[in-house]
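Starting from the known structure of chain V, fit chains U and Y with the ligands onto it as the hints suggest.
Each chain, letter by letter, is given below.
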Amino acid sequence: MITIDVNGTQHQVDIEPDTPLLWVLRDVIGLTGTKFGCGIAECGACTVHINGRAMRSCSVPIGVLDGATILTIEGLSSDASHPVQKAWVAEDVPQCGYCQSGQIMATVAFLKDFPNPTDADINANITNICRCGTYERLRRAIHRAADLMKA
Amino acid sequence: MSGHRNTVQAGKSNRQDAVAFTRRHFIIAGATAAGGLAVGIGMLPRAAKALTVAAKPWDGNASSPYDLDAWIAIEPDDSVLIRYARSEMGQGSMTALPMIVAEELQCDWSKVRVEYASPNRSVRENNVYGDMSSVGSHSVRDSRIKLQQVGASARERLIAAAAAQWNVPASECKAADSVVSHAASGRRINYGALASAAAQIKLAAEPAIKAPEHYTFIGKPQPRVDVPLKVNGAAQYAIDTRLPDMVYAAIAQCPVPGGTLASVDEAPLKNMPGIVQVVRLKDAVAVVATDTFWRAKQGLARLHPEWNVGAAGSTDSAQFVKEYRDAALSGTAAVARNDGDVDSALSASGAKTLTSLYEVPYLAHATMEPMNATVHWQGDRLDVWVGTQAADRALKVAAETAGLKPEQVYIHNTFVGGGFGRKSRNDEMVQAIEIAKAINRPVKLVWTREDDMRHDRFRPQAAISFKGALDANGRPTALYIRTAVGSILRSLRINKVENGIEPMAIEGLANNPYQIANTKVECALKNTHIPVAFWRSVGASQNAFAIESFIDEMAHAAGRDPYQFRRAMLGSRPDWIKVLDTVVENSNWGRSLGPGRAQGLAIHECYGTIVGEVAEITISPQGALKVDRITLAADSGHVVNPLGFAEQMEGGVIFALTAALYGKVTVKNGVPEQGNFDTYPMVRLAQAPKIDVHFAMTGGKKWGGAGEPGGAPTAAAVCNAIFALTGKRIRSLPIMDHDLSGSA
Amino acid sequence: MLVKLLFAALLILSTIAIARADEANAPEDPGEYLARAGDCVACHSVPGGKAFAGGLKMGTPLGAIYSTNITPDPETGIGNYTLDDFDRALRRGIAKDGHRLYPAMPYPSYAKITDEDVKALYDFFMKDVPPVHQENKRNEIPPLLSFRWPLALWDLVFTAGGSYVEKPGHDKEWNRGAYLVQGLGHCGACHTPRGFAWQEKALDESSSAYLGGAVLDAWLAPNLHNDLRTGLGTWSKDDLVDFLKHGHNRDGTAFGSMIDVVNNSTPYLSDADINAVAVYLKSLPANAAQAAYVYDDATTQALRGGHPSQPGAVLYAGNCASCHGLDGRGFSPYMPPIAGNPVVLGEDPASLINLVLNGSTPLVVKGTPDPYRMPQFRLQLNDQEIADVLTFIRGGWGNGASAVSAAQVAELRKSTDPTSDQVVILKMR
Ligand code: FES
Ligand code: FES
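Protein chains in written order, with my numbering: chain V, 1 to 151; chain U, 1 to 744; chain Y, 1 to 429.
Derived by calculation from the structure, the hints in this document are not laboratory data. One should not assume that every hint holds.
Stated by the list, open to error - Simulated DEER-style distance windows between Cβ atoms:
{"#": "1", "chain 1": "U", "residue 1": "G727", "chain 2": "Y", "residue 2": "I141", "range": "41 to 49 angstroms"}
{"#": "2", "chain 1": "V", "residue 1": "R140", "chain 2": "Y", "residue 2": "G305", "range": "23 to 31 angstroms"}
{"#": "3", "chain 1": "U", "residue 1": "P273", "chain 2": "Y", "residue 2": "A407", "range": "29 to 37 angstroms"}
{"#": "4", "chain 1": "U", "residue 1": "L329", "chain 2": "Y", "residue 2": "A95", "range": "47 to 55 angstroms"}
{"#": "5", "chain 1": "Y", "residue 1": "S309", "chain 2": "U", "residue 2": "P621", "range": "49 to 57 angstroms"}
{"#": "6", "chain 1": "Y", "residue 1": "A272", "chain 2": "U", "residue 2": "P273", "range": "22 to 30 angstroms"}
{"#": "7", "chain 1": "U", "residue 1": "D739", "chain 2": "V", "residue 2": "E16", "range": "44 to 52 angstroms"}
{"#": "8", "chain 1": "Y", "residue 1": "D238", "chain 2": "U", "residue 2": "A624", "range": "41 to 49 angstroms"}
{"#": "9", "chain 1": "Y", "residue 1": "A302", "chain 2": "V", "residue 2": "R140", "range": "23 to 31 angstroms"}
{"#": "10", "chain 1": "Y", "residue 1": "S163", "chain 2": "U", "residue 2": "D739", "range": "50 to 58 angstroms"}
Since the model is a prediction, treat every value here as computed from it, not as a measurement. We treat Cβ as the ideally placed atom computed from N, Cα and C, and that holds for glycine.
Looking at chain V on its own, in the form it has when it is part of the complex (with noise of 0.2 angstroms):
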């Protein structure tokens, strides 16, 4: 059994440990805001919070994560009114959707450590793909959002 505290909520979890994160949170914790891209860490659509630090949840396996703290899109904000999510809507970031999840939260962890990212740093640390290509207005939201955490 593996207790993980997901968006401030605790979980038991009995399962295979070799399972990925991915899809304890998708199929047993019902939280599908999480999305399957390619499942070997290439894409970031999975991509979560694992005790503070962006992780690609498709190739992280539940049996290390026991008491981990967990924040996926759906804790982000109760009302997408993190200064990312708020970034992202005035940019009209999304097309498709599928990847902005991951793009989201990629992006938070990105800006605390780069909290004035240059293109360089974004090119380096943002590595999630996008197949609708929004790169143009991804990166406007980042510097967007990157102002939005300073006002």
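Okay, now just chains U and Y with the ligands, sitting in the frame of chain V:
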């Protein structure tokens, strides 16, 4: 809730209530879900007014009490529900189409909510929604007149209802901002108060619709209505569907397309907890498990099915390359266009001639949301949650697969996590229905990324050969093109293409607007066992690369600037010239960029929209190519939502750039090799150029598409820039297969 | 490095005609068990082909050769072999027609197999393996070198001869382990460095070279001695058991050719035999006095602060950290740690370069593929970037290993092929 509803109710996540649902409750809600994806524009954080209405989606047996008609419902508090009969997969038509309705309806946009129209209702109500597909960048073009009419009729009925109530002539009443007013008496009444009376009114004649010059709303940039749902995890995709008692299926399909299942030994699953059943299909085997998809996938991994693969099992890409090359260079082909006398022009004395062969590989769609479908089969009723680009067609196919009448089938369209042409064929849905029938429980089938990539219906492989001639003054006198390419229509069994000419195979080639007196275009269709289908921009995805590179070759041979060279051949097409001029003006064309940098130009028309692009690139001494900037100009005639249009141009460029730089699906032993994003890489932020979109709209009768044209010229623009910088002509994609080191 | 391709060709993409998965409960056939222990199937089959029908291409310093059909087909296989013929081929490298086998067939190791086990193997191949009619492929050794007679000389010089004889002073378990490792297991074929004539430099623990680590097929097969940093000094016997049974343990994961060994061989051994192998390996003394690895948190801190100075650190954060952790500790046993991992600490970075370039093929333990695999970065990172990220990894967290150059990456990029993510399991009968 359980995947069947996208609402914006105050941001609270109620998906976890799924288990609390009784089945009966679910079925009722599920039925409504056919039209249950509702997006409230009024709920946008940036909009001042909050929307509180809960739309009553159509319940499958009766119309909503607030329905004006199948398209529009207006509730007493004025909220306007517009039903959207296409598929939102990121291309923005869920915003653009209601904008068209609102233009005529004269309603307050902040009170508009949008929900998916029900394909089942369309079946029951005499095909009321018509074609529900989102393909070929046609949603706006092919819905506009109808949706203007829908909005105008509703408006006139609301006016008629008010006029009747006030007992004044309708002609004295005006509708604006969701209010009907009578100037003479100063009376005003909200739409909400008129709706039930308006619903009873039949107009003697349909009102006229606005001509584009009278638009007041269309053409004004609007934020997309679906964006707020896509920043907090609330947007529901098919893969997010959760039903009571639902089980999960993973599937192994014959690795060689067209092969069949020979045998599979189930013994390894004995004693494995949670395994429900192994289901054998003709060309696949599925494992169904409880609790998580992961469990099904891990169960499946233990099975090692044997397949009948036939002769296709010994084919490979080298062989295909040769076959397409041969077909492009020799043998016979159907003639799609023949102006003048190409042969004599090519052999005329004094003519300078060029020949080239361009080649492109198979490409996968790789939508971000892998193929998946959830099916609830109840004997006399079938509910399917699937991301589809054609919900009406999905319904027909589902009915056939299940052996039901169309009115017994409910397709619950969801947000689609990328389509690009892949999701107009719902192979996953057919499988899921077969599995559901075998196990008699609600089941969610998910394809892994590897399944999705290897069992795609690919963009066809092609070889395109060119011959060109220039006279002594460098003026083009002949252009000969032959494309050898897979037939999409044959592969999809839509059409045998008996005359040998497939429209998408020759699009952009046969109808190229360059005035070259002797022009001949030929088409050689040739299929392998690899299934092919529509892939964002379809024929343009290879043809634009080929023809715009060859035109660049001709310009170079003529010693002319590529812009001037093209412009001189476009006398009959002021719209093309406007696009060219606009992109050139905004890109500082011709300016020196310094060492290691260069520009390239290309232009193409795709789905009625002309797009010109200038690519600016840098190549390092080690040969690393970076596309720094794409300047783009587009003419679609008119545009409904300029913001959404620009986003589609940007997205199209990135999609095409991924293909140009990395896109390649190769075949070995009959099996597509690439399976995931490590072997089929994508452009990410680090490779994404700056993209500047400029409008060069020419209005008139033209309504071009938005979803696909943006990427058409990208590969050629980049390759032409590579040539300008290095003198190296890229004649096959992807670019990553070419060594650019030491050439800059 | 001329030796390429040996074993590597197994990694071709295909799931056709793959396998019976769970043989745990199958009735034990002693010959089949030994064939498992010898991992015969890995070399004598091609993916998608029939088991033991041969045809696998292997690089040798002389040129490519193909493994042969060892099914009991009378015309193309070994159906006409008597026990004696079989024995001569297995233990002495001489085929029935008298021609000498190339030493890609590890007969110097197999020479140690007991008579009894040879007989059991013979019975298995003759009775249980289905005959497959498949002609052997001609080897691609250049004509000048293709005379096989020098091999007789080779054999004279480099094979010890004689079955394994129990060593006094060691218990039964140790001796059983030594027999398996030196004989059927032929661990030395990869883990022992080879000399000027491609011979293994040593065939048992009497020499420090034996299992001292070697580069083969662009993989570094690590040193199996008890060296503290670059050997298995920090692994307990239980760690070794874990590794052989599951392909990974708290400290590392099988990669390269070892994946074939895990997929087809070691997990099928009995607990007693796995234990014996571990006992034997743990008895190999350290070859060098090395200070034990000590974890250094500074690297983690630098990564967490943003803007770490080394270029490789940024690449690590963007491409590697999600699985291997900003702390370099991975999620063992699923994703191996980078901090203190003997393979990372090894002198030769070949395996690391190979893994980053080409990723890894999935481990398949008794028919069940490992849920996680290393993706390839061949198409996503250039030579300099891979060199940077590996230099960072080898220098970080107190690893203290040498830098990697872009030239080293470039060389391996040319000489290696990407691995496939598709699972290939060979059915043995
Ligand atoms: S699904 Fe986890 S990174 Fe793609
Ligand atoms: S918005 Fe569709 S994948 Fe990013």
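A quick look at each hint next to the structure:
1. Taking the beta carbon of each, G727 of chain U and I141 of chain Y are about 43 angstroms apart, inside 41 to 49 angstroms as hinted.
2. For the pair R140 of chain V and G305 of chain Y, the supplied restraint of 23 to 31 angstroms holds, since their beta-carbon distance comes to about 26 angstroms.
3. Take P273 of chain U and A407 of chain Y: their Cβ atoms lie about 52 angstroms apart, and the range 29 to 37 angstroms is violated.
4. One distance hint, 47 to 55 angstroms for the beta-carbon pair L329 of chain U and A95 of chain Y, holds here, with the actual separation near 49 angstroms.
5. With their beta carbons about 24 angstroms apart, S309 of chain Y and P621 of chain U fall outside the hinted range of 49 to 57 angstroms.
6. One distance hint, 22 to 30 angstroms for the beta-carbon pair A272 of chain Y and P273 of chain U, holds here, with the actual separation near 29 angstroms.
7. Checked against the hint of 44 to 52 angstroms, the C-beta distance between D739 of chain U and E16 of chain V comes to roughly 46 angstroms, which is consistent with it.
8. Checked against the given bound of 41 to 49 angstroms, the beta carbons of D238 of chain Y and A624 of chain U, roughly 47 angstroms apart, stay inside it.
9. Separation of A302 of chain Y from R140 of chain V is about 29 angstroms and conforms to the stated range, judged on CB atoms against 23 to 31 angstroms.
10. For S163 of chain Y paired with D739 of chain U, a C-beta distance near 54 angstroms keeps the hint of 50 to 58 angstroms intact.
Violation of the numbered hints given earlier is confined to hints 3, 5; the remaining hints are satisfied by the structure.
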